[in-house]
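Enquirer: Assemble the whole structure, with the sequences as input and the hints as a guide.
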Amino acid sequence: MVGGFFWDMNSFRTIIWGLGTILVLIVVVPLLRMILAADPMVLRSTVADAEVMRSILLTLRCALWATLFCAFFGIPLAYILARWQFPGRSLVQGIIDLPVMIPHTAAGIALLMIYGRKFFVGKVFASVGLSFVGTEAGISLAMAFVSLPFLVNAARDGFLSINPRLERVARTLGASPWEAFFKVSLPLAWRPILSGGIMMWARGISEFGAVIVLAYHPMTAPVLIWERFESYGLKYARPVAVVLILLCLIIFAALRAIAAKRREA
Amino acid sequence: MLHLQNIRVTLGSFHLKDISLDVKRGEYTVLLGPTGTGKTVLLETIAGMHRVERGSIFLQGKDVTRLPPEKRNLGVVYQDYALFPHLTVRKNIAFGLKLRGRRGNKTEETIKKMTDFLGLGAILDRRPAYLSGGERQRVALARALVLEPYVLLLDEPLSALDRSTRDRLRRELKRIHREIGVTILHITHDLTEAFFLADHVAVMKDGSILQHDIPEQVLKRPRNRAVAELLGIENLVPGTMGKKGVLLTSLGPLNLPIPGSQGMKTGNEFLLTIPGWCVEVLTGRDNARYVWKGTMIVAAVNFMDGLVELELSHPGGERLRTRLSRREIGNMGIDVEVGVELQVGILKEGVYCISGR
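Those protein sequences? They're chains A and B, same order as listed.
So the first sequence is numbered by our numbering: it starts at 1 and just counts up by one.
So the second sequence is numbered by our numbering: it starts at 1 and just counts up by one.
In case anyone wonders, no lab produced these hints; they're calculated from the structure.
Mixed in with the good hints there might be a few duds.
To be verified - Stretch-level coverage of chain A by chain B, calculated; a stretch enters the list once three of its residues show a Cβ under 8 Å from a Cβ in chain B:
1) 115-129
2) 181-193
What the hints assert, rightly or not - Below, a list of computed lysine to any residue pairs in the SDA-like style, where the Cα atoms sit at most 20 Å apart:
3) B:K98 - B:F84
4) A:K183 - B:A129
5) B:K112 - B:L124
6) B:K91 - A:W178
The beta-carbon is built from N, C-alpha and C at its ideal position, and this holds for glycine as well.
Expert: Rendered as structure tokens:
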């Protein structure tokens, strides 16, 4: 049939686009609705609310610590997973993915049973003055635990995308394994690592379940939203949520733009 | 310069078996073998990238078997060139010098001399992604050569290029070797490349080196059937030693002594290697240089670039292939087509007798 190909092509495109768009709307509509429904006067007073700003800054800060902490240990692990075959490799990979699967409140309880004051590891850290219950360290720990797969997996994919011959050639040119890593592998995997870091940070900011078990206080933004919702209802919880969402959107747009610029450079 | 002594390497289910090889200073050695035969593994082993299970590697008389790659001072150029994509051409070339802490005017001069020599002056500030295949190859060569390596290891350096670039760079490699005098070990599966460049050829198959000699010798006296096949020798005719030194083959008896047949006893089996250029179509003039003459029928005519390949069949069932220039065919004064009978002679020089099958 003449024109059949193009007709098929058109219907194919329409359906594919339609399906994709529905998913985007599922994400965007509730967020937009919430932002648009916010009363500017209430928003302004929320921004001026010291407790709200304190909790937002705390959230951003703890998520950043969690990300940096995981980068220090996670980048080497990602490199191992990308470069070396060893028995139990897929087991390690599965373990890294585990935090995505288990309920985060359960993750919080599990962490509490290791780092809590009554438990051995908790006692060891307490002896050097580091407590994980009701502290920033505890919040960071909870965030790190639940969001580390984002960084590790992105970094691993980054290393996997590098031709291993580049490292080998670097060695024949006189580079030690460390020099080959820092002068070749890391610079080449930098972009996926950065974008994995951004994702991890984002996931850390949004964490509620694991954080609330380890540290109800000091209050992170998600906990504060929950608390206001529980105590005062939707009307008081919403502005905090809107402020947090707007702030995060601005920061991520900026970071994504920076990452994209690096790509062009 | 480079001496391998009974090297054994295992990588998964693949083995390099008992490899010994000697490469003298300033020599251009080509390691020739089909794909998947372990050539790259051998090259990487020499460079220090794989653990040697048994045997030793000597460089300049020094045992380097356990030295890491960065302590061996060998240059490597891969088929895909493995240029650092995040660095400019200049920084790629300076990479090794910088690691050695060499900076300043003298280093700049070294880089300039090398880039001038290889004609890279105009592209120094470009990233590898913006270079042609030929340019990439020359950058990879420059990057290795500025460090004045003991041996330059080339892994199929011409395979990824289009034909005209390949022909040009083949000459370029010969010029580099001649003018710098660097010792080169070059691996390839390409016969033309191997015989164009090599001072010495090592033929490799299934993780072993089958024969290592000057190209002429390897071509004239292949050690066994595998070597003859890898060298692309067109005709391999089996036979048995008859009485009084007569070689019995499916073409009939051959009466002249043939190199390699001395010392064989009656009843011994052999394989004659007959390069295509030894199979001549006779035009009336008789000549004593032929080890065999007879009538054959044209079974196929294949046009190749510049040459015509004839497949000739013998009533005994044997088939011979030969290549003639168009001028030679024109001079015959007959139409060469399938079914035509031709008088054929096999030239004595070039034919070799391998003991066994």
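Enquirer: Could you run down the list of hints and mark each one as holding or not?
Expert: Hints, one by one, checked against the model:
By the rule of at least three residues with a Cβ nearer than 8 Å to a Cβ of chain B, the coverage given for the region 115-129 of chain A is violated, with 0 such residues. Check result for the region 181-193 of chain A against chain B: holds, 4 residues qualifying (beta carbon to beta carbon below 8 Å, three or more required). The straight-line distance between the Cα atoms of B:K98 and B:F84 is roughly 14 Å, inside the 20 Å bound, and the hint therefore holds. Between A:K183 and B:A129, the direct Cα distance comes to roughly 18 Å. Compliance with the 20 Å bound is thereby established for this hinted pair.
Restraint check: the Cα-Cα separation between B:K112 and B:L124 comes to about 10 Å, which is no more than 20 Å; the hinted pair holds. Of the pairs offered as hints, the one joining B:K91 and A:W178 holds, with about 19 Å between alpha carbons and a cut-off of 20 Å not exceeded.
The structure fails hint 1 only (numbered hints given earlier).
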